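Protein chains: 4
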Amino acid sequence: MAGYSGTKDDYAKRLRRVEGQVRGIARMVDEDAYCIDVLTQIAAVTKALQAVGIGLVEDHLGHCVVDAARSSDAEGAEKVREASEAIARLVRS
Amino acid sequence: MAGYSGTKDDYAKRLRRVEGQVRGIARMVDEDAYCIDVLTQIAAVTKALQAVGIGLVEDHLGHCVVDAARSSDAEGAEKVREASEAIARLVRS
Amino acid sequence: MAGYSGTKDDYAKRLRRVEGQVRGIARMVDEDAYCIDVLTQIAAVTKALQAVGIGLVEDHLGHCVVDAARSSDAEGAEKVREASEAIARLVRS
Amino acid sequence: MAGYSGTKDDYAKRLRRVEGQVRGIARMVDEDAYCIDVLTQIAAVTKALQAVGIGLVEDHLGHCVVDAARSSDAEGAEKVREASEAIARLVRS
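Order-wise, the sequence lines are chains A, B, C and D. The numbering used here applies: residue 1 is where the first sequence begins, and numbers increase by one. The numbering used here applies: residue 1 is where the second sequence begins, and numbers increase by one. The numbering used here applies: residue 1 is where the third sequence begins, and numbers increase by one. The numbering used here applies: residue 1 is where the fourth sequence begins, and numbers increase by one.
Isolated chain A (complex conformation) (with noise of 0.2 Å):
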């Protein structure tokens, strides 16, 4: 089971929402938008997916992390190089 399996519907929600911001941002350009308009739609569904990630982060720390750091240190230590990893992707993106 996923650490955010208990938000799972609002994610869902979110990305499906950023898919089509993401269509509208296509269309725009088709249409010959304004670039500064194109580039404030970019910049929000940035802000959208960052904050899925954020969002993913914290259910990943409160499920995976933390129930990897009870069993064993080993396994808890993996899982924090890990988590780390992905949130240093996360922060140069």
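None of these hints come from the bench; they were simulated from the model. Where hints are given, some of them may not hold.
[As the list claims (entries may be wrong)] What the simulated footprint calls covered on chain B by chain A, stretch by stretch (three residues with Cβ under 8 Å from a Cβ of chain A suffice, anywhere in the stretch; the number is not a length):
| # | stretch |
| --- | --- |
| 1 | 7 to 21 |
| 2 | 30 to 43 |
| 3 | 46 to 54 |
| 4 | 59 to 67 |
| 5 | 79 to 91 |
Only a predicted model underlies this, so the values are computations on that prediction, with no experimental measurement involved. Quick reminder that beta carbons are idealized off the backbone N, C-alpha and C, glycines included.
Fit chains B, C and D to the supplied structure of chain A, relying on the hints for placement.
Here is chains B, C and D on its own, set in the frame of chain A:
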């Protein structure tokens, strides 16, 4: 005519790919994929979107801002202000 | 003359403040401050630095890029290319 | 004891380097260095600061959060919430 009209097809193709990637993330969540794998995709899609944004900034500077600068000081200054705000939103997203 | 010479003193003041904040973070680490408090300061300093960067972009566009655009197509295009690369580094940092 | 006490000297060294880099940027501005060169330094310092932040997150997760998770559900949940907020600030900076 938009500043990006010369590269419009490329943006359309990239945005369609991003749209497909977002749909793919939704499917991963639906199938209870491991949190870290979902996070990896979110970081990749965020980077792809930013790259589209950076390309649009260059097109906008090279056409709309440069043209405005050549027509009058006031128009040039207004386009620079507007572009800088859009760049700030991109940096902060 | 730099594009930012008109606002040079303001940048100098803001950079001195950032320098002091970084020194403050080092002192927090030296005094074993709680990780979260140190992280909060790091996020604040990163934002302050980005704000200086965004200001410099606007000054550069409004002076160096606009002047180059008015002098020749080639110079304008080169300055736009160069500025866009700097903006990309800022977005990706 | 802070979660990062094991790597404290390394952070101290890196923060001193960042402090020196910020001082260097101030000197560049004072000497009217070309905007693009100043922006390049700002992007580099921002990345160095983020790297310190990412390291502190890993140390915090590996010590403070894991220890709290092992002591009680409530303490573990509180530390995860707090760490996630700090990670969000880092992602958004």
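Hints and how they fare:
1. 7 to 21: Check passed, 7 qualifying residues.
2. 30 to 43: holds (count 11)
3. 46 to 54: holds (count 6)
4. 59 to 67: holds (count 3)
5. 79 to 91: Holds: 5 residues of the stretch 79 to 91 of chain B have a Cβ under 8 Å from chain A.
The structure shown violates none of the earlier numbered hints.
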